[in-house]
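Protein sequence lines, in the order shown, are assigned to chains A and Z.
Counting from 1, one number per residue, gives the positions in the first sequence under the numbering used here.
Counting from 1001, one number per residue, gives the positions in the second sequence under the numbering used here.
Calculated from the structure, these hints are not laboratory results.
Don't be surprised by glycine CBs; every beta carbon is placed ideally from N, CA and C.
It is possible that part of the hints are untrue.
[Stated by the list, open to error] Here are some of the chain A residues that sit facing chain Z, going by a computed Cβ distance under 10 Å: (1) D60; (2) Q65; (3) A66; (4) L69; (5) E79; (6) N83; (7) G86; (8) E133; (9) I181; (10) A184.
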Amino acid sequence: MTRIDRVFKQLKAKGEKALIPFITAGDPDLGATRALALEMAARGADILELGVPFSDPLADGPTIQAASLRAMQGGVHLEDVLNLAGELRAQTQIPLILMGYYNPMLQYGLERTAAKAAANGVDGFIIPDLPPEEAGPWRAAAAKANLATIFLAAPTSGAERIRTLGRLTKGFLYYVSVTGITGARTELPPDLAASLREVRSLIKCPLAVGFGISTPEQVAGLAPYVDGVVVGSAIVQRVARLRGQELIKAVGDFIAALKAPLRTQ
Amino acid sequence: MLPDRHGRYGRYGGRFVPETLMPALLELEEAYRRISRTLEFRQELSWYLKDYVGRPTPLYFARHLTAELGGPQVYIKREDLAHTGAHKINNTLGQGLLARRMGKTRLIAETGAGQHGVATATVAALLGLSCDIYMGAEDIRRQRLNVIRMRLLGAKVVPVDSGSRTLKDAMNDAIRDWVTNVRHTHYVLGSVGGPHPYPMIVRDFQAVIGREARAQLRRRTGKVPQCLVACVGGGSNAMGLFHAFRDDPVRFVGVEAAGHGVHTHHHSATLVAGTVGVLHGAFSYLLQDPWGNIQEAHSLAPGLDYPGVGPEHAWFKDQGRAEYVAVTDTEALEGFSLLSRTEGILPALESAHAIAYLKRLAPGYTAADIVIVNLSGRGDKDVDAVAEAMEVSGDAH
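Using the sequences provided together with the hints, build the complete structure.
Written out as structure tokens, the structure reads:
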């Protein structure tokens, strides 16, 4: 059983749901990412998602585009993120998922990426521009290294694709809450709860929802329908604004506030 | 005929897109295969191409240019005479008619030189669809005339301030818009790149260029040409010219933009100097750093200023079916002057790259040989940029 599977199982036994925060690795620098990751793990995060900087993040909105750019200006690339994962793994057992676009992995080498990731304690990958139709070579490399490939499902997917995605994904299925790109939103689609109920009926694996979720109130509203909630841009906005201890504390407090409604289901 | 059912040309192509778009690409492919074959659609498209676009465009024997070059007989396929002034309309009309039949009410597009944006805005006006065009802020500055044309046609021009603020970044934002509005919006991709089925659809709609040229030359001379020359950014005008000749013993030459030189970091010569990877949904050649981040391209010609290229060109390159070369900004300007002065035709800066390469190509041929060059667009949009680069004054004295 992988670390991701174990977390969902343990939370289920306690009647809790998973909080899965996302930050871009290297934004504003790798030291800050390390400190933030450990703080988030200590303050209630159940699984960590680290973004791999990329020049053309076409599934991302302005907040994460800017974060990616800041990290790239610091010269951070895939290998640095893999090394950072190794440092984090020495200090925490929280599941680590890398979220990155396909081309940097392709250039580094799929087998090389998977082997190094596994050796450094990475548990899985989310690759937003790799739909199942194109994922064969990566899935083979990931499976060999015992890494989870987590697929995204979207409001446009339809029942048949969601069934397939639910069968192929490892760890959990990541349901994209909105037809659109990443970014904090004040309002989520009114039919989201109904969509999540339908997705749930089509799959057997744990279900997480993400994109646009930015407040504890939104988390509380979604918790009954899912096994986990992903929050990204709302955290990255804080990273963009604050520095040093002030940043660590603000993100830590925010994580605690987001986790609270997930403890009491 | 390629692509295969996975949208692959050999190992190139594919659909590397967010899940949100996968159903839309599958729907588009299904609709295209179903609708484009019907007699009704083909008749409608032919009617518009003839009465609205002004096809067939002439295949012009360039006597003075031929004499100047002293090599082969040079024929020019006059896509610059198509409505809106470039070949782009062939594709936007086809996709617009398809989108309308699919029940889409809004068109979006990316544009570099503005020609594809103008052609999309034109078709949106013609068919009564709303239209947003994504254009890099740098290109908006360079191609003011086309920005004004798009606005006059009723389209909204959305400036893109990210990255190099050129075509690549405009395409990122067009894809982001499509991800968000995919249910009622059709993305009119302008080149033979991007995810399947776009490289196939754009090629098929542009293939009219080569079909006409082949028939026109045959009627006139009874021959097939020895060589075809066209500029390559994403590669749509080149693929459009080449495709009808793919089974003929005809040499294909694609001319990329060498910018300041392919050994500098300021060029757009993807096939000549790039490496393989994934950009904008397709596996093809691209310009990237060792870490897989996409590099900024450079060309004086905004329509060539793109770090990727269509996957079928990548396949042609690896198969040896076409050869790809590059000419610099300076050579392109010489090509611009050459055609302007010998034939009285101002070419688009993009097309001027193809003209420029004729100088290098000509010594290898004799007067018995025939070369067709695709004049993909007219140069009016470029006069400010060319005047600045050549220090031609527009003042009274």
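These are the hints, each one checked on the structure:
{"no.": "1", "hint": "D60", "in the structure": "8 Å, holds"}
{"no.": "2", "hint": "Q65", "in the structure": "6 Å, holds"}
{"no.": "3", "hint": "A66", "in the structure": "9 Å, holds"}
{"no.": "4", "hint": "L69", "in the structure": "8 Å, holds"}
{"no.": "5", "hint": "E79", "in the structure": "8 Å, holds"}
{"no.": "6", "hint": "N83", "in the structure": "14 Å, violated"}
{"no.": "7", "hint": "G86", "in the structure": "18 Å, violated"}
{"no.": "8", "hint": "E133", "in the structure": "6 Å, holds"}
{"no.": "9", "hint": "I181", "in the structure": "5 Å, holds"}
{"no.": "10", "hint": "A184", "in the structure": "15 Å, violated"}
Checked against the numbered hints given earlier, this structure breaks hints 6, 7, 10; the rest are met.
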